[in-house]
Amino acid sequence: MQLLLRDPSLEASFSFPKVLQPKMERRASPMATLLFFAALMAASYFIISEAADSKGSFQDNFDIMWSQEHFSTSPDGQIWYLSLDKETGCGFQTKQRYRFGWFSMKLKLVGGDSAGVVTAYYMCTENGAGPTRDELDIEFLGNRTGQPYLIQTNAYKNGTGGREMRHMLWFDPTEDFHSYSVLWNNHQIVFFVDSTPVRVFKNNGEANNFFPNEKPMYLFSSIWNADDWATRGGLEKTDWKKAPFVSSYKDFSVDGCQWEDPYPACVSTTTQNWWDQYSAWHLSDSQKMDYAWVQRNLVIYDYCKDYERYPTLPVECSLSPWD
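With numbering that gives the first Met the number 0 applied, the sequence shown has no gaps in its numbers, which climb one by one up to 322 at the end.
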């Protein structure tokens with residue numbers, strides 16, 4: 000779940016389609032442009048079907064993986080906290096496994112100087128980095144105060160990853176809760192931030208070694224120290240004087256195919272579940288507009304454009320996210 004590469008430049012080219020161009024002074028900063036975009040998104044919020052069948056207490060949905068003493072809740076039990084100090088972090092996982100569906104959680108990330116700290120929110124076939132695991136990663140890479148938080152996504156099949164992308168966000172994820180979601184079916188995997196698609200990972204419909212679609216997965220989250228690689232390629236180390244570092248969670252939602260041995264019927268339906276119907280196999284027109292803006296303005300690293308790392312690009316890089 001890490002990318003041992005040089006940190007790409009944080010500079011990006013910000014440009015709005017003419018229909019979206021804000022009336023602002025020429026000296027308006029890229030962050031101001033991002034904030035304007037966020038306001039537009041809020042005004043025309045595209046609601047994805049979230050017929051969540053699993054919103055409940057932490058105990059209803061999850062088990063602690065390690066460090067129970069680093070887990071706490073709000074007095075009403077609706078907000079959950081994971082903390083990291085110099086001794087250890089903390090993590091949890093769902094009680095159930097799923098194969099395909101919609102998975103969503105609201106997170107508020109560690110504020111201030113969080114260099115070296117990683118909050119991971121991911122799906123995996125097992126508890127541990129096994130050699131044949133399938134995995135879908137969302138990792139939030141800590142930063143020095145004033146620098147942008149980066150979100151890194153990745154996909155593994157049978158233990159092989161190396162499919163990283165990194166994005167900036169158009170808001171400060173430490174100030175409030177935001178939704179981070181995954182749509183997973185046999186045709187595509189889409190990573191969403193506040194219902195905005197930021198990454199599309201397509202299947203070609205043939206036997207392949209890149210699209211994880213055969214094994215059920217648990218959903219996990221954890222906070223841990225990764226200052227050997229997470230911030231500026233490991234140059235920025237964790238400042239333990241700022242500990243404990245705390246990430247916050249609420250409103251877990253899942254509408255998915257709960258795994259039942261040997262094979263649950265719901266993984267092959269195309270009519271009973273919205274996440275496996277034809278409309279969920281592709282981005283909608285409005286989603287394509289949002290996705291295009293994200294690709295132009297927020298992508299920091301894309302393995303499909305790293306010819307130094309991959310002189311011959313992986314086969315899935317030829318699959319269009321627009322189809």
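Treat the hints as calculated values from the structure; they're not laboratory data. C-beta atoms are modelled at their ideal positions from N, C-alpha and C, and glycine is treated no differently. Check before you lean on any hint, since a few could be wrong.
Unchecked claim - Derived CB-CB ranges, DEER-like:
(1) Glu259 - Arg308: 37 to 45 Å
(2) Ser283 - Asp260: 18 to 26 Å
(3) Asp84 - Tyr306: 35 to 43 Å
May I ask you to test the hint 18 to 26 Å on the CB atoms belonging to Ser283 and Asp260?
35 Å, violated
Return holds or violated for the Cβ distance of Asp84 and Tyr306 against the range 35 to 43 Å.
About 41 Å separates the Cβ atoms of Asp84 and Tyr306, which means 35 to 43 Å holds.
Using the C-beta atoms of Glu259 and Arg308, is the stated range 37 to 45 Å upheld?
40 Å, holds
The structure fails to meet hint 2 from the earlier list, while all remaining hints are met.
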